[in-house]
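Trainee: Spelled out, the chains give:
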Amino acid sequence: MEGHRTLQQIQRGIRTRRILKLTVMTVIIYTIAIVYFSPILYMFLTGFKTEHQAVLPRLFFTPTFETFQRVVGDPTMFRFIRNSAYQVFFGTLLSLLLGIPAAFGLVFGRLRKDTTNGNIYLWFITTILLPPVAVIIPLYTWFQQFNLINTPYGLLVAYVGFHTPIVVWMVHSFFSDLPVEIFEASEIDGCSRLQQLIFIAVPLVRTGIMSAALLVAVFIWNEFFLGFNLTGNPTATLPVYMARFREQQGMFVAQLSASSTIAVLPAVIFGWMTQKALVKGLTLGAVKG
Amino acid sequence: MKKKKSKDFLFILPAMIVVGIMTQVPFLLTIIFSTLRWNLARPDLPRVFTGFDNYTHFLKIPSLQNVPEFYSILWQTIVITGSTLILCAVFGFLLALLFDHKIPGINIARTLILGPFFVMSTASGVIWKTTIFNTTFGWYGYFSRLLGAWPIDLLSYYPVQILIMLFTWQWMPFFILVLLAGLQGIPNDLVDSMKIDGVNWFQGTFKIKLPLIMNHMRVAVMLGFVFIIKEFGLILVTTAGGPGTRSYTLPYMVFMQVFNANNIGRGSAVAVMTVALTLLLVNLLYKSIKKQNERYA
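One line per chain: the protein sequences are U and C, in this order.
When we follow this note's numbering, the leftmost residue of the first sequence carries the number 1, and every step to the right adds one.
When we follow this note's numbering, the leftmost residue of the second sequence carries the number 1, and every step to the right adds one.
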């Protein structure tokens, strides 16, 4: 060991150690992230194999678009995608149309008693906690009775009923951040409540609303229990298709992977876009409530 | 003034009506159904009020040799949900600490580990089942043959353990997401002063950081519980509750009672007990959050 190191040498030593530590950390973190994600990654890859290649688990192969082309061209798959897209689009839209005014009313509205706002808000939260098995049996009997199984409307109303509380919950936390003074000032200027909502409140929290919308879209896209039990063949959604894949199509690993890639990709991308708002909406909402 | 008050309520009313009709009314009906003898497969039998017969059918223990399977299914539900929550909380916290480091491209790594949370459970179940656990086509079969072992069908031999693993894989990202938000909310000067005071890693992590983000942990556990206990798709596509009823959970039991046995009354009874269990545990967790908030308020 050298006894006398110059200050520069010591600094260089510290810097080298820091860079080394950073490199090791980077490798560890990336390894864990990739291993954790690998089942999905392998699914993406397998979609680019032929059925013959997919029989053996291999990472290196000559990719082909053959399987994807066949899956995309399949009219059955298209029907499921269309059904899912319908539920996601109208389900999200209607949940927002019901949920945003409700959240606005709960934050800024003057109700009969001061405690009413909080109580109704809490009621919306408890409906989120209600497991779907609590409602499935009466819904199933209604759907049978009114033949809603083979129309998309019944499931749509169920989805709106189950996802409006989530919109209320998240948007409530965004509205709560707005200063009340803006609304008091605009009220003096002769602005009605509806105008306040449309022209002041919504534009101010539009990014929050966007992420609430994306999150609800992801939830509806992935929802399985209601979709599985309340749809017939013409109205079934993508998660139902994935669950029935083996019994309907047989053991085609490549085709299965390509189909699930198409089913999974939109939700994963939209989900990634919402992650920040998800944390804010869920934690603040729950911690404050 | 009075007129204005009623107008504000109109903003909330439509949402309340739709949510009420789709959640509260059916739940009340489920409670009513649970007191009826109502079997869709037997339309010849009249629908009659039977009181608590549907409940006692599941709950009554005739003798110790003949314990109804409801209890084992209840136990399985508790084991699967509880183990998943513990694994998610422990490893989620450790991974959140790891992913709190500032490395180049940390957002890409965070994004990757978050992925499984947004994958629909039926797709991830099918993918794990065919590309990993399958004894012929999957990686598990490939590696065990490579090592000279005979691959077994893990899903029939260890259904509960496999379900716990898959649930954990799917829900841990959610824990990481919430806990990471908590860790990033810890002020920087606190971390700096920890360094200056010579706090070691163990003390800093478990005595300072963990208590600081305890509320995030509680929220993650509470929401995770609500979501995990109702999980259904993953069980259906991987083990289908089997072998026998070994990997049934309460929601799966409701499904089988109604859609396989066509027994509306008994299915409703299980549904009501599931809701009661869920709300009881959520209430306990929620109270602990509220208490914690008051302490720091």
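Bear in mind the hints are in silico, worked out from the structure with no lab data behind them.
Honestly, I wouldn't trust all of these hints.
Said to hold, decoys possible - In silico negatives: residues of chain C with every beta carbon more than 12 Å from chain U:
{"no.": "1", "residue": "15"}
{"no.": "2", "residue": "191"}
{"no.": "3", "residue": "202"}
Unchecked claim - No farther apart than 16 Å at their CA atoms in a straight line, the calculated lysine to aspartate or glutamate pairs in the EDC-like style are these:
{"no.": "4", "chain 1": "C", "residue 1": "102", "chain 2": "C", "residue 2": "192"}
{"no.": "5", "chain 1": "U", "residue 1": "113", "chain 2": "C", "residue 2": "192"}
{"no.": "6", "chain 1": "C", "residue 1": "7", "chain 2": "U", "residue 2": "66"}
{"no.": "7", "chain 1": "U", "residue 1": "21", "chain 2": "C", "residue 2": "197"}
{"no.": "8", "chain 1": "C", "residue 1": "207", "chain 2": "C", "residue 2": "197"}
{"no.": "9", "chain 1": "U", "residue 1": "276", "chain 2": "C", "residue 2": "153"}
Quick reminder that beta carbons are idealized off the backbone N, C-alpha and C, glycines included.
Trainee: For each hint, tell me whether it holds in the structure or not.
Mentor: Hints, one by one, checked against the model:
For residue 15 (chain C), the condition that its CB be more than 12 Å from all CB atoms of chain U is violated, with the nearest at approximately 4 Å. For residue 191 (chain C), the shortest C-beta to C-beta distance to chain U comes to about 16 Å, beyond the 12 Å cut-off, and the non-interface label holds. No Cβ of chain U approaches the Cβ of residue 202 (chain C) within 12 Å, the least distance being about 18 Å, so the stated non-interface status holds. For the suggested pair residue 102 (chain C) and residue 192 (chain C), the alpha carbons sit about 15 Å apart, so the restraint of at most 16 Å is met.
A distance of roughly 47 Å separates the Cα atoms of residue 113 (chain U) and residue 192 (chain C); the hinted pair therefore is violated under the 16 Å criterion. In summary, the hint linking residue 7 (chain C) to residue 66 (chain U) is not supported, as the alpha carbons are separated by about 59 Å, beyond the 16 Å threshold. For a cut-off of 16 Å, the pair hint linking residue 21 (chain U) to residue 197 (chain C) is broken: about 22 Å separates their Cα positions. Proposed proximity of residue 207 (chain C) and residue 197 (chain C) is supported: the alpha carbons are some 14 Å apart, at most 16 Å.
Distance check on the hinted pair: residue 276 (chain U) and residue 153 (chain C) sit about 40 Å apart at the alpha-carbon level, beyond 16 Å; violated.
The structure does not agree with the numbered hints 1, 5, 6, 7 and 9 stated previously, though it agrees with the rest.
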